[in-house]
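Student: These protein sequence lines are chains A and B, in that order.
For the first sequence, this note's numbering gives the first residue as 1, with consecutive numbering after it.
For the second sequence, this note's numbering gives the first residue as 1001, with consecutive numbering after it.
These are calculated hints, taken from the structure and not from any lab test.
A portion of the hints provided could be inaccurate.
To be verified - Straight line, CA to CA, 25 Å or less: simulated BS3-like cross-link-like pairs of lysine-lysine:
id	chain 1	residue 1	chain 2	residue 2
1	B	Lys1178	A	Lys185
2	A	Lys57	B	Lys1394
3	B	Lys1394	A	Lys80
Unchecked claim - Stretch by stretch, here's where chain B covers chain A in the computed footprint (C-beta under 8 Å, at least three residues):
id	segment
4	42-50
5	346-359
6	455-466
Since the structure is predicted, the reported quantities are computational estimates derived from the model, not experimental observations.
A virtual CB, placed ideally from N, CA and C, is assigned to each residue, including glycine.
The primary structure of each chain is shown beneath.
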Amino acid sequence: MPKVTIDGKELDAPNGINLIQAAEMLGSEIPHYCYHPALTIVGNCRMCLVEVEKAPKLQIACNTMVAEGMVVHTKSDKAKAAQRAVLEFLLINHPIDCPVCDQAGECKLQDYYMDYDREPSRFELGKKVKKGKAIDIGCDVMLDQERCVLCARCTRFLDDVTHTSELAIFERGDHNRIDIYPGRKLDNKYAGNIIDICPVGALTEKDFRFRMRVWYLHRTPSVCAGCERGCAIDIYENHGKIFRYKPRHNPQVNGYWMCDEGRHSFKDLQTERRITRALHQSGEHLVPESFSAGIRRAADAIRKSGESDGARAIGALVGAQATNEEIFALKSFMNDVIGSDVIGGMSYTPPGLSGDDALLIRANKNPNTRGLQAQGIPLDGLDRLGQAAASGQLKTLIVLRADAARALGEEEFIKRFGALDYMLVFDTDANNTVQMANQVIPIASYPELEGSFTNFQGVVQRLNRAFDPPGEAKPAIEAITDLSMVLDGVERPQSAERIFAEIAAREPAFAGLAFDSLGHNGMKLANA
Amino acid sequence: MRWLDIPNLRDIDVYLANDGYAAARKAFFDMKPEELIDEVKNSNLRGRGGAAFPTGMKWSFIPKNPAKPVYVCCNADESEPGTFANRYQLENDPHGIIEGILITCRAVNAHVCYVYMRGEFALQKQIFDAAVEAARAKGLVGPDVMGSGFGVEIYTHRGAGAYICGEETGLLESLEGKRAYPRNRPPFPAIQGAFGCPTVVNNVETLSNVPWIIKRGADWYKSIGPEKSPGPKLFCLSGHVNKPGLYELPMGFPLKDLIYDVGGGVFNGRKLKGVIPGGSSFPVFTAEEAVKVNMDFDSVRAAGSLMGTAGVMVMNEDTCMVRALRTVAHFYHHESCGQCTPCREGTGWIEKMLTELEAGQGSMADLDRLISVASNMEGNTICVLADSLSMPVKSFVPKYKDEFIEHVKQKRCPFRAQEAGALRAAS
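Build out the structure end to end from the sequences listed, making use of the hints.
Tutor: As structure tokens, this is what we get:
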């Protein structure tokens, strides 16, 4: 552990880290554009020039590794002057079109200008190098070459991470421009990441640009539900409308990246298919009613079914789309309130989606298959419960986030489950199974609830509530406790935190975990 | 040097008849690799490519028992404005270069040498390739050099015409098929050079000095010119002299004699105004400074410039120094690879300021701004291309300040006005 001194503060630094990382450990930032911890070091932006004692000239912090006894000044006059000079150079050919630039508000040029310069330009207008604007380079990415600082983060990402190398730097000197190779388009499943790592407004998202100023967006850390990887994300929303997902750094799950499918997955959450009121079957149709009326009606039906056919005629089917807490809430409801152990899981991936790849994408598109298994629920629910229903043992089925009708196809679904007396469905959207239900309770979707997913590696990560569910929808754990309250009058915990504490106490795989200690990076299951 | 006098030296038979490849024979059969390195170290041979780094020391940085193969690169990307020595050597003394390559490969235990030529050297590559083939036919190049059991393969590679490929790590990147962006150091090429392997990069002229050192000894070599900066040197004399050309003279030759004796004096009998001693990258000498300087690495440095490639450019009193500097700036603006921010943006900014100044549209503030922008570029980039413009700017502006001020005051170039007058008078 070499001892280094940065701006008078001492640090026992781990071997092999650079000065930007060392400064970060001391809580200070050395300004930089090209350096990115997940990409090769190129040292081209020259923004991180710092004074290292005994070195003949200023050194770039990104390519200077800590060494015993190193004394560094990041805010000395010499270092500041160099950083200011670099910023001035970066801005002379920059269009300074912040008012119409989507990056405004999260732009490193703006940030460092406020931190390091605040001087008017010494470069007269009208002589800037002209380059391409608003170039559609494919994959929802728009390129503005004039705003680019040529840090080469995007090209390095495409070279080092996706190995697709669609972008390169062309020309020379101040005519340098990032561009797509002639006749090609961006063509990979991770292209959106180059927008995130672009420190300026050169790469913007076609879908997001001009739709919302970033300072009106609220950021909530969460987890992508697009596949069993469960990439850590930030949800950016305004008044309950999601504008974008961005990956959040989680070294044990997704590093700095996420795939484009996951990035755009929020678009499926807020559609017209969303259920905002309880529904009950009336003849051929589902008829809306209030949430509490729906709960009462469901409780009545369950009570009657139990009385006439016994508790084991009531079963539950839970999808790997449900959170750990939802699974546990339903399981305890079945065990403690109904007295039935007929519970089956389901982890269904529609055909035609992307398979496993070497980076992040997983073929299993369910975010919590591992979580379902970790709570001891087998994934054979469609077969086991289907048989029970078809043979008449099972009369009532409670379905939570499991579109069985889609997984089986309508015909097969009716063959297996058509004989049921009653089907109660908890879901967010009007899917195929909802269409066949006797009773539907609207529940919150992922951005609207507190909870956790267990990814395929066994990492348990937290979802946070970014905004309230629409209409009368409620988080499923609340809906289930509401139902149990009507049935037996016992008050049960409704918060994800308390339910998680019970999971940790009762499910061996979750032993030792606590909701609060999951933090930003999550924690691994005991046996993972 | 012999090749200036011997006709058709590029022919291998002529070269052999003049004691050619004797040094290589000595190096392969009579000397150990360490002895070769020591001999070159003792000779105080310094790199002729511009940086004047001690060649023997460079060789000694190559790891002794590397896990990977060692490469030798011959830098024939001669592109410094005012420099034309390597070109002449490639055309007229290819075997001198090949012999230097063989000895270098033997010294650092390399079996492959890449000769990186600038894109414009089409003819030179033809000549050099033919020489390599002729040497191969005689068993001098190939898997078993002169029956020693030691193989040396020589490959030539032409660039695509970028100045930056002459920078040694830019050269290596380009050789590997990438964009010639110079690399951050460390690691130095001696540890991680071509294709990630230990590599020696030497200039053509440096390599062609090696056989002489091996043949005649370090002491003989050191006896030519100043001891710390010895040897024969090719001076590329251009600009306003009566006899421009390539001259081989001992190191430490007085610049005054180079201009007035060897070069036949200043063109048209005009007065001397300034001299750039080492290719356009380096600070200019005023006439008063120039006549006092001896041309060797240390003396030129002591006088406030650098000898670089010894591309001596002479300017007489008719030269507009603003225009001269703008021409220099245009070159470095055009050739900046654009990797580092200060150089990418600064070279263009300086050229734009100088273009305005020269056209009489500049202001006094521009003079300070030129110095300030040049200072902001200097030393803050990966390679020294930024310094290569910063140094001329920081010498031209203060040394010829009156001329710059005249451009601002008269709102025109005084020299252009003169030229226009002369033209009118002639017609």
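Student: So, for every hint listed, does it hold in this structure?
Tutor: Each hint, compared with the structure:
At most 25 Å may separate the alpha-carbon atoms for a hinted pair to count; Lys1178(B) and Lys185(A) meet this at roughly 21 Å. Simply put, Lys57(A) and Lys1394(B) have alpha-carbon atoms about 18 Å apart, close enough for the 25 Å limit, and the pair holds. Simply put, Lys1394(B) and Lys80(A) have alpha-carbon atoms about 22 Å apart, close enough for the 25 Å limit, and the pair holds. Here's how the segment 42-50 of chain A fares: 7 of its residues keep a CB closer than 8 Å to some CB of chain B, so the rule of at least three is met and the hint holds.
With a cut-off of 8 Å between beta carbons, the segment 346-359 of chain A has 0 residues touching chain B; three or more are needed, and the interface restraint is violated. Beta-carbon proximity to chain B at under 8 Å applies to 0 residues in the segment 455-466 of chain A; the threshold of 3 is not reached and the given coverage is violated.
Violated hints, listed in ascending order, are 5 and 6; each of the other numbered hints is respected by the structure.
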